[in-house]
Amino acid sequence: MLDIKELYVSYGRITALQGVSMHVPRSSIVCIIGNNGAGKSTLLNAISGMVKPKSGEITFEGRPLPAHPHQIVKAGIVQVPEGRQVFPILSVDENLTMGGYVLSYREIRERKARVYELFPRLKERAGQAAGTLSGGEQQMLAIGRALMSSPKVILFDEPSLGLAPMVVSQVFELIAKIKESGVTVVLVEQNARKALSVADTAYVLENGKVVLEGRASELLENPMVEAAYLGGRKSA
Amino acid sequence: MIIQQLVNGFSVGAVYALIAVGFGLVFNVLKFSNFSHGSTMGISAYIAYLFAMKFHLSIVPTVSIGTIAGGICAVLVELIAFRPLRKRGGQIVYFFVTSITMLMLLENILVIFFGDTFYAFPKMIASTAITVAGVSISTLYLVMLGCSVCALALLSYWLKYTKMGVAIRAASCAINTCNLMGANVDAVISWTFFVAGLMAGLSGSLLGISYTLYPQIGQIVVKGFIASVVGGLGNLTGAVVGAILLGILEVFFIATIGAGLTPAATFAIMVLFLFLRPQGVAGTIVRDKA
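Going down the list, the sequences are from chains Z and H.
Quick note on numbering: the first sequence equals residues 1 to 236 in our numbering.
Quick note on numbering: the second sequence equals residues 1001 to 1290 in our numbering.
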């Protein structure tokens, strides 16, 4: 569904991605693990159109991706950015409006009803400024906001960052649920064990290159992955 | 007498509020103090004047033309001066310097075309007064107050209930995230300038009609800036509060220390605010609301 071929991205003289290729099948969860600075967020931002690749190609449903971020959202790819990035001074409801920006007013109303059904907590707080929500609630809002535009692909950038362990589990359950509803998920995550346990396929990025790829369940057993990303030993 | 002064100050403050809100809108989204807002005021006031003279227009069409001219002028200024900077990723200070350059440039273009003289709009408002409960309010001040309040109410409705309005407020939090949500940043910024320009056009033509028209009329933008600082830069509700406060203070300063010293006194108040309360009046008012 989403194909990345030989993608190079650089910021000035620093090369962030060096020939990354990746295949994201429909209705699956693809996770990308790697250390800080490996190029994970850059990859997501390149897909979202926020950074321009130096070379390489990204195709979506067989066609090249449009050039601008707003066109990419319209095409059906939306990002849940790192740190949630809800608009703090806007109300919960207005944040959802922003998520549905590419839709008509009528569609926004309909989608909002669906999102509120999925997250009754957000409905309770619809009029509250998003900045006053707890971290977990903000993450729900960020996910609800992404669901507003009825995307085909959702890109998650570190969804577990800064959340309490119980909330992290909820977030991963939600991601699994999103996949079951037919949406394709690309998941960038520091919490490699959680990410691999929910994903179908996985890629390991190091210094802007894919060093390992395969089925997530296999990577979970891979000694190299275990040593580098899973803390060296299996948890009991 | 004091109540009368209060009402006059309130009316003048309402026009300053238009300036301050227009100024604040651009500040919120692009984070720089846009002094070219003043030239938008000036140009639209002159355009309103030209139309009023040529077609013998009454106040409503004159002010409407001035308002729309302001919107168009601001969009053009953004397109010509600020967009190229933005595309090249210029620092905030470049935007600031550019805005002052545009103010001076456009002001002097007005001088070239109209000369450095004063113009008076044809008489549009009868110089009568309405007496309510012993306080007589001039029709002129009532018109200024009415126009400003209506414009501010419409703006606040638009910012709250339309997609573009919400997007502009979202962009003031994080313009990149706004982009990630599917909003076209160029369009959001154009709209920001358009709406700010409408406010500039309205305030420019109202000031021109009420007083006189001269190329430096745009320098009244400084009042909007002071009001924004007093109210808390980046906060529209604060800007309105700051502007009304400034209008009232000015009227009282003029009555007590005279018109000559009034600008110095208002600047002193701004400096005082920067020292003692840089977050402005809104620092508390708005947080209470949130």
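Everything labelled a hint here was simulated from the structure, so no lab data went into it.
Each hint should be verified, as a subset may be incorrect.
[As the list claims (entries may be wrong)] The calculated DSSO-like cross-link candidates involving lysine-lysine, where the alpha carbons are at most 27 angstroms apart (straight line), are:
| # | chain 1 | residue 1 | chain 2 | residue 2 |
| --- | --- | --- | --- | --- |
| 1 | Z | K74 | H | K1087 |
| 2 | Z | K194 | Z | K52 |
| 3 | H | K1160 | Z | K123 |
| 4 | Z | K123 | Z | K179 |
| 5 | Z | K152 | Z | K179 |
| 6 | Z | K112 | H | K1031 |
| 7 | Z | K112 | Z | K123 |
| 8 | Z | K74 | Z | K179 |
| 9 | H | K1160 | Z | K52 |
| 10 | Z | K152 | Z | K5 |
| 11 | Z | K52 | H | K1031 |
| 12 | Z | K194 | Z | K179 |
| 13 | H | K1163 | Z | K74 |
| 14 | Z | K112 | H | K1087 |
| 15 | Z | K5 | Z | K54 |
| 16 | H | K1160 | Z | K74 |
| 17 | H | K1163 | Z | K123 |
If you're wondering where the values come from, they're calculated on a predicted model, not measured in any experiment.
task: Quick one: which hint numbers does this structure break? Sort them smallest to largest.
output: Of the numbered hints given earlier, those the structure breaks are 2, 6, 9, 14, listed in rising order.
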